[in-house]
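Assemble the whole structure, with the sequences as input and the hints as a guide.
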Amino acid sequence: MSRKIFLGIDLGSISTKGVLIDENKNIIDSLYLKSKDIESSLKIILAKLVKSREIIGAGVTGSGREYAKGLIGADVVKTEIIAHAIGNLRLFPGVRTIIDIGGEDSKLILLENGVMKDFNMNSICSAGLGASMDNIAARLGITIEEFGDLALKSKEPINLPMKCGVLMSSAVVSAKNRGARVQDILMAVAQAVARNFLALCAKGKQLAKPVIFCGMTARNKALVAALKKELAGEIIVPDKPELMGAFGIALITLDEMKERQTSFRNILAKAKKYRIIHEREDCISCGNCFLNAPDYFVQDKEDQKSRCIQEEVKKKDLKKIKEVVRNCAAQIIKLEKV
Amino acid sequence: MAQTNLKRIIGLPSYSFYTKHFVELLRLLKLEVLDHIPINDETVRLGVNHSPEMMCFPYKIVLGNFIQLLRNGANTLVMFNSCGQCKLRHYYKLANLKLHELGYRFEMIDVKPMDLIPIPLPVFMNKLVYLSGKGKLEIAKIIKRKWLELKEEEEERYLKKKFGDINIAITGEIFCVFEENINHHMVNMLEGWGARVHSTLNVRALATPKFLWPKERKLLRKQALSFLDEADPGGHGLHSIEDVLYWSQKKIDGIIHILPLTCHPEILVEEIVDYLCSKNKVPLLRIRVDETSSPLNIGTRTETFFELIKRRKKYEP
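Chain order of the listed sequences is A and B.
Taking this note's numbering, the leading residue of the first sequence gets 13, the next gets one more, and so forth.
Taking this note's numbering, the leading residue of the second sequence gets 172, the next gets one more, and so forth.
Please keep in mind that the hints were generated in silico from the structure rather than gathered at the bench.
Do not take every clue at face value.
Calculated cross-link-like contacts (lysine-lysine; reagent style BS3-like; alpha-carbon spacing at most 27 Å) [said to hold, decoys possible]:
{"#": "1", "chain 1": "A", "residue 1": "LYS270", "chain 2": "A", "residue 2": "LYS63"}
{"#": "2", "chain 1": "B", "residue 1": "LYS452", "chain 2": "B", "residue 2": "LYS389"}
{"#": "3", "chain 1": "A", "residue 1": "LYS221", "chain 2": "A", "residue 2": "LYS129"}
{"#": "4", "chain 1": "A", "residue 1": "LYS129", "chain 2": "B", "residue 2": "LYS481"}
{"#": "5", "chain 1": "A", "residue 1": "LYS221", "chain 2": "A", "residue 2": "LYS241"}
{"#": "6", "chain 1": "B", "residue 1": "LYS421", "chain 2": "B", "residue 2": "LYS381"}
{"#": "7", "chain 1": "A", "residue 1": "LYS221", "chain 2": "B", "residue 2": "LYS450"}
{"#": "8", "chain 1": "B", "residue 1": "LYS258", "chain 2": "B", "residue 2": "LYS381"}
{"#": "9", "chain 1": "A", "residue 1": "LYS37", "chain 2": "B", "residue 2": "LYS481"}
{"#": "10", "chain 1": "A", "residue 1": "LYS270", "chain 2": "B", "residue 2": "LYS481"}
{"#": "11", "chain 1": "A", "residue 1": "LYS129", "chain 2": "B", "residue 2": "LYS450"}
{"#": "12", "chain 1": "A", "residue 1": "LYS129", "chain 2": "B", "residue 2": "LYS333"}
These numbers come from a predicted model, not from an experiment.
See below:
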């Protein structure tokens with residue numbers, strides 16, 4: 013018997029993530045890509061991840077979730093905070109604090125006994141976000157992948173202003189021009205992002221352990237080290253920290269679908285074809301078909317009954333032919349999917 | 172500048188469901204009042220362009236709306252003056268100065284709580300007499316009628332709503348709480364998902380003297396004052412503390428505290444609201460609004476809060 017497969021998609025502004033899980037909640041495949049427009053990102057997920065698999069249920073999360081729901085007929089739509097909570101709870105049932113520092117927003121989720129009790133999102137400034145780190149890495153001529161290892165070589169991070177991503181970026185350029193070492197600048201940036209996140213998202217909150225750090229920025233070892241230092245304790249980073257949102261929404265979809273029929277549409281699947289079946293012996297010559305669809309039906313000159321001259325229905329004529337089928341007085345015209 | 176020879180055409184800023192009541196009130200006094208202009212992107216753009224950056228968002232909105240009304244032909248603008256401790260009492264003066272600086276010619280009328288109390292004595296209803304030229308007895312009759320209609324609508328929408336499966340109270344700065352185009356239809360969203368949204372805030376209370384308050388409200392006010400230096404910070408700061416005390420007793424499922432980004436009374440009481448919600452184990456969502464707020468960012472937070480409450484009730488009944 014074939015596995016039941018559930019799809020979860022996390023459509024962020026910077027990246028799109030897709031996860032397939034089976035009915036035992038195991039991840040069977042996944043995909044991460046830099047976001048394009050929503051439709052293009054979805055098509056890549058469908059082409060490279062879903063392929064020709066039968067999907068029993070599909071869920072979407074992230075900033076593009078409402079638009080995606082309409083495009084692919086997603087069964088479940090939840091915010092990324094809920095999705096991250098559920099995804100992380102599955103892997104770490106006792107988790108108390110989830111930190112997600114994303115490209116353009118960041119989240120803090122607090123849990124107790126497996127239930128969400130509080131959350132917060134950064135909204136005012138970009139200094140506590142992955143986008144700041146991406147911009148600064150680019151200005152220093154290094155890739156974001158090199159950032160973490162290089163920053164960890166720092167012996168003495170410099171001081172950087174907090175509270176504004178743009179001002180931080182200017183301060184970085186000034187520091188570089190004054191001869192500061194790249195590793196010292198990068199480590200300072202990691203520390204500033206960690207401190208900003210805690211100052212903006214976690215102010216006044218009690219961050220209990222265990223703490224999970226997820227999102228693509230969790231792959232940055234310097235940022236992990238900076239957060240560990242600020243929190244004075246261990247931080248757990250999942251194997252694929254960037255997939256927790258997509259994993260979470262797939263799990264929620266599995267739980268909510270039960271015996272429901274999916275409304276998921278694989279928009280890359282080939283369109284169905286239709287063929288006319290015409291039982292002309294019982295035709296009463298009402299004229300409905302040969303008058304309204306002369307490309308498909310004619311009136312036979314001998315017996316005056318209708319005759320089908322074109323069985324395969326073109327996509328553009330489908331609506332018209334369905335109307336003809338509905339209005340046939342003798343109900344002798346049918347459509348068959350092929 | 173009084174427009175004594177011209178027919179008075181009044182512009183009232185838009186404010187949720189209250190707008191139609193106040194427009195009708197003035198029209199019943201035989202005054203010409205322009206149809207209100209719902210708050211839109213243009214309102215925000217105009218208001219932000221002509222206000223100090225750190226000014227609270229409701230001021231920017233009202234200023235923007237005033238510009239739209241003046242462009243539509245208003246020669247008299249009416250603005251509420253709380254006479255309270257927060258900045259609001261001075262707003263009509265600031266708006267007047269800025270709009271005249273921009274070249275508009277009009278008269279600004281500030282309507283105080285006293286002007287809306289239907290008692291025919293010297294201190295009451297004076298601005299409405301000035302505007303309409305009518306006698307106080309006639310004005311009092313019309314105000315009483317409008318207050319009753321307003322009371323019905325406030326009770327139906329928020330004040331006397333029955334409890335359902337999921338009950339959320341909304342508190343904070345009164346303009347943000349009720350004006351849908353500022354809170355991006357947060358209440359509609361929540362009710363669409365099945366929540367019952369409650370509030371104790373109401374505009375009629377602004378014109379109700381303290382000695383007429385119910386006993387329960389006076390007690391809550393006393394408790395709220397004890398968290399500060401026994402003085403009112405203005406706005407609805409004290410009311411926000413009272414609300415947390417009140418709704419905690421009613422076993423509300425969650426409280427949303429909504430405020431403009433730079434609202435001093437609400438910022439002052441944030442710590443107290445946090446403390447009381449934590450102490451009473453009531454989930455709290457705080458939303459700060461300004462011109463950068465969007466339906467997506469408010470919608471995501473509101474939806475997550477609703478889900479948090481739903482799941483909490485399911486797993487911790």
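List, from low to high, the hint numbers that the structure doesn't satisfy.
No hint contradicted; all consistent.
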